[in-house]
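**Student:** Since chain Z is already given, all that's left is putting chain F on it; use the hints.
Listed in order, the protein sequences are those of chains Z and F.
Under my numbering, the first residue of the first sequence carries the number 322, and numbering increases by one thereafter.
Under my numbering, the first residue of the second sequence carries the number 322, and numbering increases by one thereafter.
Do not rely on the hints blindly, as some may be mistaken.
Note: identical chains are not told apart, hence a pair may lie in one copy or across any two.
Within a straight-line C-alpha distance of at most 30 Å, the following computed BS3-like cross-link-like pairs (lysine-lysine) qualify [claimed, not checked]:
hint, residue 1, residue 2
1, Lys381, Lys400
2, Lys579, Lys400
3, Lys579, Lys434
4, Lys434, Lys325
5, Lys434, Lys577
6, Lys453, Lys553
7, Lys465, Lys439
8, Lys434, Lys465
Keep in mind the hints are simulated off the structure, nothing from the lab.
Here the structure is a predicted model, which means the values were calculated and not measured.
Number of protein chains: 2
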Amino acid sequence: MSSKPLIIIKIGGSIGTLADAPAQLSQDIAALSSKYEFIVVHGGASQTTRLSERLGITPKFITSPSGVKSRYTDAEAIKIFTMALRGEINANLVLALQSAGVNAIGLCGIDGKLLEAKQKTVISADGQGRQKIIRDDFTGKVEKVNVELLGSLLSAGYAPVIASLALGENNQPLNTDGDRAAAAIASALHARRLILMTDVDGYFENFPSDLASSLSRADLPDCMKNASGGMKRKLLASGEALDGGVSEVVIGNGTKEKPISSALAGAGTHITKG
Amino acid sequence: MSSKPLIIIKIGGSIGTLADAPAQLSQDIAALSSKYEFIVVHGGASQTTRLSERLGITPKFITSPSGVKSRYTDAEAIKIFTMALRGEINANLVLALQSAGVNAIGLCGIDGKLLEAKQKTVISADGQGRQKIIRDDFTGKVEKVNVELLGSLLSAGYAPVIASLALGENNQPLNTDGDRAAAAIASALHARRLILMTDVDGYFENFPSDLASSLSRADLPDCMKNASGGMKRKLLASGEALDGGVSEVVIGNGTKEKPISSALAGAGTHITKG
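Next up, chain Z with everything else stripped away, as it sits in the complex (with noise of 0.2 Å):
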């Protein structure tokens, strides 16, 4: 591998439907791949309840026994997944950053055994006491990243873009949260910095004030109870990025121009060991 320092960028579904965020993102890439390596993660949840109404499906939901209710992901909302994230997101990443002169290859866990997962056990409660074991919820949680194929595409001076759909232990395509696989992604390649990119400006004490610019790993606990929904999942992939080696984590707002130099240059919120 190359002596320069990896950075692994996530980006939020959201960013990706915004007009112009692709090329801003991937011109502020090519302006710092003299100095640094990237790889870029991005789920897709908000393209796939697009693709889903477009192609006349509704998607489903599980509530547990603890009342949180969640995506059902069955045979064929997994199907939709895949094609929104493949065949639609990592696709117009992998072009935006082709025309910003950054040689992008687009990948996801399937491919080449690249995310390994596990089909996560899931159990719906019907509100009236009755609970049900839901075994075709196409979802899971990434346990093993293929490092020496990423290892050597970064050698060869390209910038995978990647996709977070694994494979799970009978071959099946799994839902997984991107935060959590790009953090995983990031500990396995012992990357220096993680940056979760999202439509705020990082994570706020009091939302959508008291902008928390530095955070160390023992805040984390306190901050999740504070936060909801898709920060919750930044916070708690933060906390895993760093238990996993990573130096730094920074949240930051990748709706606006520059965002990685931005966030390099302070911007978001910085979350480190402490």
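**Tutor:** Chain F alone, transformed into the frame defined by chain Z:
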């Protein structure tokens, strides 16, 4: 690169839609993997048409001044083509190969500039003597193959699965013919064999009788006059591969069990320089 002979397998789009064909093909590739290296190439006109229908979009066609009707891949159509190829067919083939024990890696021509193409200039005629240059037909012909990328993936033990979507001179995605893309890849990599898998047993002199079991390069122009549609393009691609240095092209039936073993054992139409 390893010393195992390289075989390029082109899989027709209609094969991908059959229930058992991807698994049968994958198992055959797995069984032959100790003797050969494989690259799989595919297009996807039929899945693109089906996805267009599901999305409620009517495919467009252009009629050339000489009266030939062809698909008009406008900006919306190339997005659907990309979604069907990368997000559906390519993913299904990679999963089928992984299930058979082959470490497949899905790519298309935009990834790492794998297939660079030039956009065709298309002229349409309205049948009343008026002609028009169509500038947004995203169709092209492969002119350059990234041999280094494919070579390094093969040496590392991966089986590349390539969708025939290419990168244009302005970093635009281009629809390219899968048979001819496979021929360009086979030529660039000096593959020993190109096997064009279709849903009939080979080239017939009087379809469906008189299967030609062997042809030479010099026979192809006459065969092309006799053939139509998909078979005409396969014969054109066969000629391009032989001219590019490939030793043998086989046109064979990909819908049967052990289709590659059968082709290697003599089934189908075998075409050599002669």
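**Student:** With identical chains treated as interchangeable, where does the CA-CA distance between Lys579 and Lys434 reach 30 Å or less: within a copy, between copies, both, or neither?
**Tutor:** This pair counts as between: shortest inter-copy Cα distance 25 Å, intra-copy 33 Å.
**Student:** Can you give me the call for Lys434 and Lys465, within, between, both or neither, at a CA distance of at most 30 Å?
**Tutor:** This pair counts as both: shortest intra-copy Cα distance 9 Å, inter-copy 28 Å.
**Student:** Is it within a copy, between copies, both, or neither that the alpha carbon of Lys381 lies no farther than 30 Å from that of Lys400?
**Tutor:** Result: close both inside a copy and across copies, 14 Å intra and 26 Å inter.
**Student:** Using 30 Å as the alpha carbon limit, work out where Lys434 and Lys325 are close: within a copy, between copies, both or neither.
**Tutor:** both (26 Å within a copy, 23 Å between copies)
**Student:** Are the CA atoms of Lys465 and Lys439 at most 30 Å apart within a copy, between copies, both, or neither?
**Tutor:** For Lys465 and Lys439, the Cα distance is within 30 Å only inside one copy (10 Å; across copies 39 Å).
**Student:** Checking an output row: Lys434 and Lys577, CA cutoff 30 Å. Within, between, both or neither?
**Tutor:** Between copies, since 28 Å is at most 30 Å while 34 Å is not.
**Student:** How would you label the pair Lys579, Lys400 (within, between, both, or neither) given a Cα cut-off of 30 Å?
**Tutor:** between (34 Å within a copy, 27 Å between copies)
**Student:** At 30 Å max between alpha carbons, let me know whether Lys453 reaches Lys553 within a copy, between copies, both or neither.
**Tutor:** within (27 Å within a copy, 55 Å between copies)
In summary, this structure violates none of the numbered hints.
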